[in-house]
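*Asks:* Given next are the chains, with one letter for each unit.
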Amino acid sequence: MKIVMIGGGPGGLGAAGAAKGTDPSAETVIYTQFEDVAYSPCGIPFVHGKEIDSFDRLFLATKEQYVQAGIDVHYETTVESIDLKNKKIHVRSEGDVSYDRLILCSGWKYKELDIPGQDLDGIYRVKNIRSAMEWDKFLDNVKTAVVVECGPIAVEMVSAMVHRGIKTTVVDPNPWPMSEAVDPDIMEPVRKDWEEAGVDLRWGERVTAFRGDKTLTHVETTSGVVDADIAILGTPKVPNNDLAKAAGIKIGSTGGIIIDSRGRTSDPDVFAAGDCAEIVHGITNVPLQGLSGSHAYAQGKVAGVNAAGGERIYQPVHIPWGMLAGEWMIGGISFGETSASAVGINYICGQTTGITRARYYPGVKPITVKLLVDPKSRRLVGAQMVGGEGVKERADFLGVVSRAGLTIDALASMENVYSPAIGALNEPIAIAAQDAVMKLDGKV
Amino acid sequence: MIAMSFPQWIRSNSEHYLMCDAQDRMAKKMGFNPPNRPRGLKERFWRQLFVPIYRLMPWSMKKTVMQSLPGSHRKSWPRRFFRSPGS
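For the protein sequence lines, the chains are V and R, in the order given.
Using the numbering used here, the first residue of the first sequence is number 1, and each one after it goes up by one.
Using the numbering used here, the first residue of the second sequence is number 1, and each one after it goes up by one.
For the record, the hints were derived by calculation from the structure and aren't laboratory data.
Please note that the accuracy of each hint is not assured.
Under 8 Å between C-beta atoms, here's a sample of chain R residues computed to sit facing chain V [what the hints assert, rightly or not]:
{"id": "1", "residue": "M4"}
{"id": "2", "residue": "W46"}
{"id": "3", "residue": "Q48"}
{"id": "4", "residue": "F50"}
{"id": "5", "residue": "I53"}
{"id": "6", "residue": "S60"}
{"id": "7", "residue": "T64"}
{"id": "8", "residue": "Q67"}
{"id": "9", "residue": "G71"}
{"id": "10", "residue": "S76"}
{"id": "11", "residue": "W77"}
{"id": "12", "residue": "P78"}
Predicted model, so just to flag it, every value in this text is computed and none were measured.
Note that beta-carbon positions come from the ideal geometry of N, C-alpha and C, so glycine has one too.
Turn these sequences into a full structure, and let the hints guide you.
*Replies:* Here you go:
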C-alpha cells in the first residue's frame, strides 16, 4: 500500500509514523514545500527573543532518521493538483504520482490583509525555520518594529522584540491582545507589562498600507503613521487547503476540510489532519479549525492509523491550551467569558486568585483561575487562567474534567497536592470551583 | 485563492460581529477598552440587526442554526462525549 502525505508539519509526520507503525510494509511518502521537517515552528519567537540560543535546537530529528524509519520525505516539492478519480497527485518536477491513500496535512497560512505594499521587503510572517534564520540576522539591525494584529504568535513576537530592545508598536483593530480567544482581565497583566516596557499599544486601530521604496519604512494606520523597519503579521490562521478545494474535497463552514472521527474526508481514500481540517467541539458540537500543534500531531496519528488499515478514533475536543505571554503564562480550555457570551452560552463564573507554591517558598507566583459552569448541568463549559507558573498542567487537567463531564461540585471538593515547593495548601482550581458552587446555590 | 462559500461567509461574519458585541459587553462589565463602534452599512447591519436577533433566540434555536451549517459535526463522531450546555 502506498500512503502519501501532503505536508510535513506535525500532522504529516504524525500520520506517516502511525501509518508505518500500523503497516510496516506500507510505502509512506511525504511531500513538503519546505527545506526541512521535524522542527518546532512554535519555538521560533523564542530564538528571536534570545531565550533559545540557536535555531538548531528546534530540530527534533535528522533527515537520516526519517530515511532509517522508512519514511520517504520529498523536500522543496510542490503538489500542484489532486486527481481523486485516478488516485494521483501532480508534483511539480516529478509529474504524476499515484497513491492508495492520501493524507492532507497542508496546515495553515496567515489571513492576508487587503492593503497595499505587501510585496515590500521587511514584512515578516513567522512560520518557516529557514526564513526565520534569515529574519533573525535582519532583526540585528532593526530599530523599530510594528506588530500587525495580535494573535498568539504575535503575542510571543512582541515579547521577543522587547527582549531584543527593539522599539515596538502593536496595531490591532481589536480591543485587546488575542481578543477572539482570551478575556480582557486575563490579558490585562500582559498588556500592563508591555506598556511598562515601552511598547506603543494601539488597540482599535487598523493598518491601511505598508509604505517604503522596495523596503518597508513605515505603515499607515487609521489614525496616523508608524515608522517601522519590520512589520510582523499576526493575523488569524486560516486553513491552507486550496488544493483540496480545487480537487472537490468537501469544505466546512470554518473553511477547513470536513472529516469524520477517523480523519476521513468526503473521498473515502483521502484523509486530512491538522490545521487544514475542522474538528468537532466537545461541548457545542460545532466544528472548529486552527488548534495547536499537539492537536495536529494527534489527528495525524489517527489519520495515519486508519489510512493504513487500522482503527483509531479522534475524540471531540475540549481544547486545553496555554502559552507564555511576556512574563506570564496564560491558558484555559474551551470557552472564556467573552467567547461563551458571543455564542450565547449561559454560564456562572467561579473565580479566584491564588498562589502556585506555599506563600513563604521562594519563587511563589500568583495565579488567577476562572471556571465557567453551565448552571443546569453544573459541568464546565470553559476556563481561563493567568499566572506565573502552573498553567499548562491545570489546563490539561481541566480538559480531562470537561471531557469526562465531571461537575463543578467534584472540583469544589477535589483533593490536591500540598508541598511547599510545588503547591499551596489551597488549590486555586478548588477555590474557584467553590466560588462557582456558592453562586450556583444562591449563597453569594 | 478560491472564494469562500456561503456557509463560510455567514459563519465568519456572524462569529466576528457576535464577538465584537460580546467584547463590548465584557469591556463594559470589567472596565476595559471596548471595540470600535459599528461604522458603515455592513457593520451596522450585523451589529445592530443580526446580533440582537441572535441574542433573542433561545439556545435550542441557536444550536439548530449552528448545526444546520455543513461541517465535520455532520459526520460520524463519538456522541457520548458531547456535553451540550443546558443538557
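*Asks:* Hints first: check each against the structure and report whether it holds.
*Replies:* Here is what the structure says about each hint:
1. Restraint check, M4(R) versus chain V: the minimum CB separation of about 7 Å is within 8 Å; hint holds.
2. Interface restraint check: W46(R) against chain V, minimum CB-CB distance 13 Å, threshold 8 Å, status violated.
3. At its closest, the beta carbon of Q48(R) sits 16 Å from a beta carbon of chain V; the interface hint therefore is violated under the 8 Å criterion.
4. The beta carbon of F50(R) is not positioned within 8 Å of any beta carbon in chain V (closest approach about 12 Å), and the interface hint is therefore violated.
5. Nearest Cβ of chain V to the Cβ of I53(R): about 12 Å, over the 8 Å cut. The hint is violated.
6. With its C-beta approaching chain V no nearer than about 11 Å, S60(R) sits outside the 8 Å limit, and its interface hint is violated.
7. This hint is violated: T64(R) has a C-beta 11 Å from the nearest C-beta of chain V, more than the 8 Å allowed.
8. Using the Cβ-Cβ criterion of 8 Å, the hint placing Q67(R) at the interface with chain V is satisfied: the shortest such distance is roughly 7 Å.
9. Interface hint status for G71(R): upheld, as the beta-carbon distance to the closest one in chain V is roughly 3 Å, under 8 Å.
10. Given the 8 Å rule on beta carbons, the hint for S76(R) holds: about 5 Å separates it from the nearest Cβ of chain V.
11. For the restraint placing W77(R) at the interface with chain V, the shortest Cβ-Cβ distance is roughly 5 Å, inside the 8 Å limit, so the hint holds.
12. Hint status for P78(R) relative to chain V: holds, with the closest Cβ pair at about 6 Å, below 8 Å.
Hint compliance for this structure: hints 2, 3, 4, 5, 6 and 7 are broken, all remaining hints hold.
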